[in-house]
Amino acid sequence: MNNPLQIMQMVKNPQAFIQNMMNNNQIMQNPIINNAMQMYQKGDMEGLNKLAENMCKENNTTMEQMKNQIMKQLGM
Amino acid sequence: MLPYQNYSMNNYAPFQQQGFQNGYQQMQQNVNPYLDRMNQVQPMQQPVPGLAGKIVEDFGTITANDVPMDGNGAIFVKRDGSEIQIRNWSANGTIATSRFKPVLEDQAGKLSNELVNAPVRLSDDVVAMLQENFSGINERLDKLERAIKPSTKRKEPGSDE
Numbered sequence: 001m002n003n004p005l006q007i008m009q010m011v012k013n014p015q016a017f018i019q020n021m022m023n024n025n026q027i028m029q030n031p032i033i034n035n036a037m038q039m040y041q042k043g044d045m046e047g048l049n050k051l052a053e054n055m056c057k058e059n060n061t062t063m064e065q066m067k068n069q070i071m072k073q074l075g076m
Numbered sequence: 077m078l079p080y081q082n083y084s085m086n087n088y089a090p091f092q093q094q095g096f097q098n099g100y101q102q103m104q105q106n107v108n109p110y111l112d113r114m115n116q117v118q119p120m121q122q123p124v125p126g127l128a129g130k131i132v133e134d135f136g137t138i139t140a141n142d143v144p145m146d147g148n149g150a151i152f153v154k155r156d157g158s159e160i161q162i163r164n165w166s167a168n169g170t171i172a173t174s175r176f177k178p179v180l181e182d183q184a185g186k187l188s189n190e191l192v193n194a195p196v197r198l199s200d201d202v203v204a205m206l207q208e209n210f211s212g213i214n215e216r217l218d219k220l221e222r223a224i225k226p227s228t229k230r231k232e233p234g235s236d237e
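In order, the protein sequence lines correspond to chains A and B. Counting from 1, one number per residue, gives the positions in the first sequence under my numbering. Counting from 77, one number per residue, gives the positions in the second sequence under my numbering.
If you are wondering where the hints come from, they were derived from the structure by calculation, not from laboratory data. Owing to the predicted nature of the structure, the values given are computational and were not obtained by experimental measurement. Don't be surprised by glycine CBs; every beta carbon is placed ideally from N, CA and C. The reader is advised that the hints may include incorrect statements.
Restricting the straight-line Cα-Cα distance to at most 20 angstroms, the calculated cross-link-like pairs of lysine to any residue (SDA-like) are [said to hold, decoys possible]:
#1 A/K57 to B/S174
#2 A/K67 to A/N49
#3 A/K57 to B/D142
#4 A/K57 to B/A167
Distance windows between CB atoms, simulated [as the list claims (entries may be wrong)]:
#5 B/A194 to A/Q26: 49 to 59 angstroms
#6 B/V196 to A/N49: 46 to 56 angstroms
#7 A/D44 to B/M205: 39 to 49 angstroms
Selected chain B positions facing chain A (in silico; Cβ < 10 angstroms) [claimed, not checked]:
#8 D146
#9 W165
#10 G169
#11 T170
Put together the whole structure using the sequences plus the hints.
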């Protein structure tokens, strides 16, 4: 998701963005996204947090750094 | 009927038809070279999905970006052939690594001999349990023996009788 336009769409209307993603079979084949969607539907925010933390750890970064990067991309 | 009405459409039709046919034939002639070229080009085949991964000097150089997130994983082979790793993103956001090391043929025989000759070692708990069971069995055998031969006097060691 490197396209800033996609990020803006997600920020403006997250529900529609998520629904679009769920309708895309190719995206839903990704086990991480699939798991994330299931947790989102169940309302498991703790699980989503843990997932994000794990991914940040694998990329040798932290949630805070990742958040700052995204905010920078959005120009905030 | 007016003279000009004697002109039949047929007078025009052949020209039109001919013209159309000529034009069509010309079009065909023009199109044909392209068709021939397309026929010469091999038919498009669907690309065969390849294996993701690479040969590395050291597994420490592998980053998270090297592992695709499509669920198929990636295979990393150490250049000296001493180890192969398969890394895959798991659903919880971590990368799972499977390590494979070669078993050389001359070592395989040694391994099996070692396994055959290796002494059987039991844990202390198991040994204690077995000893308890054996002592219990011994006691029962003694009781049976006494029941069978009640009149037999047991000679104590060191006695003259």
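### Message
For a C-alpha distance cap of 20 angstroms, please report whether A/K57 and B/A167 respect it.
### Response
holds (15 angstroms)
With 10 angstroms as the cut and Cβ atoms as the points, is B/W165 at the interface with chain A?
Holds, about 6 angstroms.
Check your understanding: Taking 10 angstroms as the limit, does the beta-carbon of B/T170 come near enough to a beta-carbon in chain A?
Key -> Given a least distance of 5 angstroms, the restraint on B/T170 holds.
Holds or violated: is the Cβ of B/G169 closer than 10 angstroms to a Cβ in chain A?
-> Holds - the Cβ of B/G169 comes within 10 angstroms of chain A, reaching about 3 angstroms at its closest.
| request: Decide if the proposed pair is consistent with the structure: A/K57 and B/D142, CA atoms, cutoff 20 angstroms inclusive. | output: holds (15 angstroms)
- request: Answer holds if the nearest beta-carbon of chain A is closer than 10 angstroms to that of B/D146; otherwise answer violated.
  value: For B/D146, the interface hint holds, since the closest Cβ of chain A sits about 6 angstroms away, which is under 10 angstroms.
Distance restraint evaluation - B/A194, A/Q26, Cβ atoms, bounds 49 to 59 angstroms: holds (52 angstroms)
Q.
Does the beta carbon distance between B/V196 and A/N49 stay inside 46 to 56 angstroms, or does it fall outside?
A. The hinted range 46 to 56 angstroms holds for B/V196 and A/N49, with Cβ atoms some 49 angstroms apart.
| query | Quick one, are A/K57 and B/S174 close enough, alpha carbons at most 20 angstroms? | reply | holds (19 angstroms)
Check whether the Cα positions of A/K67 and A/N49 lie no farther apart than 20 angstroms. holds (13 angstroms)
| query | Is the gap between the beta carbons of A/D44 and B/M205 within 39 to 49 angstroms? | reply | Holds: the Cβ-Cβ distance is about 45 angstroms, inside 39 to 49 angstroms.
Violated hints for the displayed structure: none, as all numbered hints are satisfied.
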